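Asks: One letter stands for each residue in the lines below.
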Amino acid sequence: MSPSGEVLASVSSALAVALVLLACVELGDAAAAVGVYRLIQYDLAGAPLGSRAAALNHHAAALPLPAGADLSRSALVAPLLDLPLSFLREYLADKKHLGGLLILLPTNHTDDKGQVKGVLTELERLLVHEQVPYPVYFAFHDDSFDNLLADIRKIAASGQPASATTGGYKLVVPSAEPRKVSSPTISNIQGWLPGLKGEGDTEQLPTIAIVANYDTFGAAPALSVGSDSNGSGVVALLEIARLFSRLYSNPKTRGKYNILFGLTSGGPYNYNGTSKWLRSFDQRVRESIDYAICLNSVGSWSNDLWMHVSKPPENPYIKQIFEEFSDVSKEIGVSVSIKHKKINVSNPRVAWEHEQFSRFRVTALTLSEMSSPPEFLESTGGLHDTRESTDVESVIRTVRLVSESLARHIYGLKGRNIDVFAENSSLALNHHYIRSWLDLLSRTPRVAPFMQKNDPFIEALRKELSQHTADVHVQNDALDGMFTFYDATKATLNVYQVASVTFDLLFLLVLGSYLIVLFCFLVITTRGVDDLINIFRRPPSRKLKGA
Amino acid sequence: SPPLRLPVVSSRTYSGASASPLRRRRRGGDDGGGGGGEMTVFHFLNCAFLTFGPHVVYYSATPLSEYDTIGTSIKAAAVYLGTALVKLVCLATLLKVPENDSFDPYQELMKVFIGFIDVAGLYFALTQLTHRNISQNHKFQAVGLGWAFADSVLHRLAPLWIGARGLEFTWEYIFQGLEANANLVMTLSLAALGSLMWLRKNKPRTLVPIIYACALLLATMPSITSYLRRSLEWQTPKVVGFELFSSLVMAFISWQLFSACQRPM
Numbered sequence: 001m002s003p004s005g006e007v008l009a010s011v012s013s014a015l016a017v018a019l020v021l022l023a024c025v026e027l028g029d030a031a032a033a034v035g036v037y038r039l040i041q042y043d044l045a046g047a048p049l050g051s052r053a054a055a056l057n058h059h060a061a062a063l064p065l066p067a068g069a070d071l072s073r074s075a076l077v078a079p080l081l082d083l084p085l086s087f088l089r090e091y092l093a094d095k096k097h098l099g100g101l102l103i104l105l106p107t108n109h110t111d112d113k114g115q116v117k118g119v120l121t122e123l124e125r126l127l128v129h130e131q132v133p134y135p136v137y138f139a140f141h142d143d144s145f146d147n148l149l150a151d152i153r154k155i156a157a158s159g160q161p162a163s164a165t166t167g168g169y170k171l172v173v174p175s176a177e178p179r180k181v182s183s184p185t186i187s188n189i190q191g192w193l194p195g196l197k198g199e200g201d202t203e204q205l206p207t208i209a210i211v212a213n214y215d216t217f218g219a220a221p222a223l224s225v226g227s228d229s230n231g232s233g234v235v236a237l238l239e240i241a242r243l244f245s246r247l248y249s250n251p252k253t254r255g256k257y258n259i260l261f262g263l264t265s266g267g268p269y270n271y272n273g274t275s276k277w278l279r280s281f282d283q284r285v286r287e288s289i290d291y292a293i294c295l296n297s298v299g300s301w302s303n304d305l306w307m308h309v310s311k312p313p314e315n316p317y318i319k320q321i322f323e324e325f326s327d328v329s330k331e332i333g334v335s336v337s338i339k340h341k342k343i344n345v346s347n348p349r350v351a352w353e354h355e356q357f358s359r360f361r362v363t364a365l366t367l368s369e370m371s372s373p374p375e376f377l378e379s380t381g382g383l384h385d386t387r388e389s390t391d392v393e394s395v396i397r398t399v400r401l402v403s404e405s406l407a408r409h410i411y412g413l414k415g416r417n418i419d420v421f422a423e424n425s426s427l428a429l430n431h432h433y434i435r436s437w438l439d440l441l442s443r444t445p446r447v448a449p450f451m452q453k454n455d456p457f458i459e460a461l462r463k464e465l466s467q468h469t470a471d472v473h474v475q476n477d478a479l480d481g482m483f484t485f486y487d488a489t490k491a492t493l494n495v496y497q498v499a500s501v502t503f504d505l506l507f508l509l510v511l512g513s514y515l516i517v518l519f520c521f522l523v524i525t526t527r528g529v530d531d532l533i534n535i536f537r538r539p540p541s542r543k544l545k546g547a
Numbered sequence: 001s002p003p004l005r006l007p008v009v010s011s012r013t014y015s016g017a018s019a020s021p022l023r024r025r026r027r028g029g030d031d032g033g034g035g036g037g038e039m040t041v042f043h044f045l046n047c048a049f050l051t052f053g054p055h056v057v058y059y060s061a062t063p064l065s066e067y068d069t070i071g072t073s074i075k076a077a078a079v080y081l082g083t084a085l086v087k088l089v090c091l092a093t094l095l096k097v098p099e100n101d102s103f104d105p106y107q108e109l110m111k112v113f114i115g116f117i118d119v120a121g122l123y124f125a126l127t128q129l130t131h132r133n134i135s136q137n138h139k140f141q142a143v144g145l146g147w148a149f150a151d152s153v154l155h156r157l158a159p160l161w162i163g164a165r166g167l168e169f170t171w172e173y174i175f176q177g178l179e180a181n182a183n184l185v186m187t188l189s190l191a192a193l194g195s196l197m198w199l200r201k202n203k204p205r206t207l208v209p210i211i212y213a214c215a216l217l218l219a220t221m222p223s224i225t226s227y228l229r230r231s232l233e234w235q236t237p238k239v240v241g242f243e244l245f246s247s248l249v250m251a252f253i254s255w256q257l258f259s260a261c262q263r264p265m
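Read top to bottom, the protein sequences are chains A and B. The numbers in UniProt numbering rise by one with no breaks, and the one at position 341 of the first sequence is 341. The numbers in UniProt numbering rise by one with no breaks, and the one at position 87 of the second sequence is 87.
Take the hints with a grain of salt, since some may be wrong.
Quick list of the computed label-pair ranges, beta carbon to beta carbon [what the hints assert, rightly or not]:
hint	chain 1	residue 1	chain 2	residue 2	range
1	B	230	A	467	51 to 61 Å
2	B	104	A	9	39 to 49 Å
3	A	4	B	56	14 to 24 Å
Treat the hints as calculated values from the structure; they're not laboratory data. Fair warning: this is a prediction, and the values are worked out from it, not measured in the lab. Each residue gets a CB set at the ideal place from its N, CA and C atoms; glycine is no exception.
Can you make the complete structure from the sequences, with help from the hints?
Replies: Quick look at the structure:
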């Protein structure tokens, strides 16, 4: 019968068109939501640096780019190792606009040649010191991103660049305008282990200070866990505090020195926090400090440790301290070398923490695995500085070195063959303690302006220090006005698969023809073919009237 | 391990690619500008035309519009809403929340019986509502049309409004529109058979069991499709295809039966 045959014909033709449409718009995965971390945005003495935008709403593009691609309206998704830094440098130098940049960080932990570390360091150096007018995000690379990149490349290979008319993927980060972090604070935590005052002693006991800065700075502040710089220093300090608190708990073994432990903040910003902390001391207390040991990056060395000083090595105090360290280091089987760097008072750059002490005329030194002073905002806990780059053994070695030397100095054990913190004694180093604190620090991003005064981590450090020491005090101060930071460090990226406008138009065409066919079919079956023709024919009398 | 892990949930895909571990988002994100916003309203309009267009076309193409049967359709729609409410209450009272996803025959049987409330509603609409003087032919069409339109509006408008305007493209709403089309055809067939069963007094003896059998089949069609979807785990395109095909077959059979009963004996 013709009407039903017509129905079948129209339905089959509609199905055929649908199949064609299916072939045009290849659907892969549905939309996804991924956690992403933004490049830092900050002002240094008024100069804007870092990524200046947070909201992202563009089509995704991938390398290799098709010819004539307009990147100012697309977001480039690139795995870290596929992104040529020269390309990025050229883009930044020419001030060419990009819709957005999403860098995928590798998650497999095999980095034999240190290639990933090298690339990350260079990339950070490039991005942190430049003004980038578009949003830059970091995400972790996994299989889903592989599929996404493959799909994008397939669409690009078909010859059309990604835009509103050809479909593809859209990356959307819904984010408000980033706001300034109002009055960023730095919190310095200190604890005392008071020494034993004899009956006849009227003067103040001399003090030895052990200091480490606990905050970090990196390209992605939400990922700046700073395992080695300076998580290792913090863990070493905590273990030393634990050991000496055991010694000092018994009056018979309490030394004639006070020990001051300081966890300072504001390290990456020319050790701003250390300076403010020292200024907050009473002058007599400051003058009673015999010397200070600053710990900076002691988590990945095996044989060589450096002792950095600002006073010349011929200075008798420095000489004595160095000899103590050398003696112990020989026994452990490592070597400590001394390095002298003069302070230039007019230069605001403070590369080592001990330089702040020296400016207050306190003898100080820094123990570090780094042989040369780090540049401004480098080696402060960047993207490559994760738990894998640190090992517990190095921290243990450092703790042993410092605590043995300190014990020999305090108790006057020079020359005697005594191992104060021997294995299997009650004063043995606790490997589990070191490991668990190192793990915790490697999970906690610690960029100072984003840590409030009552941040749970600062509270945790204060609590831990108060377990081992007395007189624990947190000093809050404002960060140096030269720096301004902006929030929006973490966001959720939505990946949408969008159909092109052509698809919608095609669909509308199909739909329109289906409805028209349906209409005609119904008219024919229920009213007859004549009625159908009558609908479309204009009555001839009207034409004559109009003329 | 990285500080944030992606949640692992499998999602449906239509092109046969392997299930992705990314979480599926249904809502559209805030659109800051560009081609996204307008495009998705376009898609919503397309799907809306697909879902509700045929009803309008049916009304305007057939003589229903000439005889101004819109009142009947509106009344039928109201009866449908009432029936839906009754069904909802019965489902809530009688069905238990399933602990696991397995096929429970008693629950399914209960759902089939509750599905018959639909048939009761249609009976009410066809027989009890006082219609103006319209022929049986037009009455069942008007009732069926109003019924199917109300069904589409109730079940498909809200998801369409919320989902199809989002940025993410899915075939889901297009399939939903095709389902609405199939549902219209099936409702018209059921209304035709219903009018045969309850309004026409003299029917050829041999055809009576066939009429009742077809009506039973149509009434249980929702249960059949849900069985196919859940137990046999057919994918949506297959299910929609089956619905379209079966609706056309049933429409053809009902039409034959109806015209057979029209012939004077």
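Asks: Compare the structure with the hints numbered earlier in the document and write down the numbers of the violated ones, lowest to highest.
Replies: Every hint satisfied by this model.
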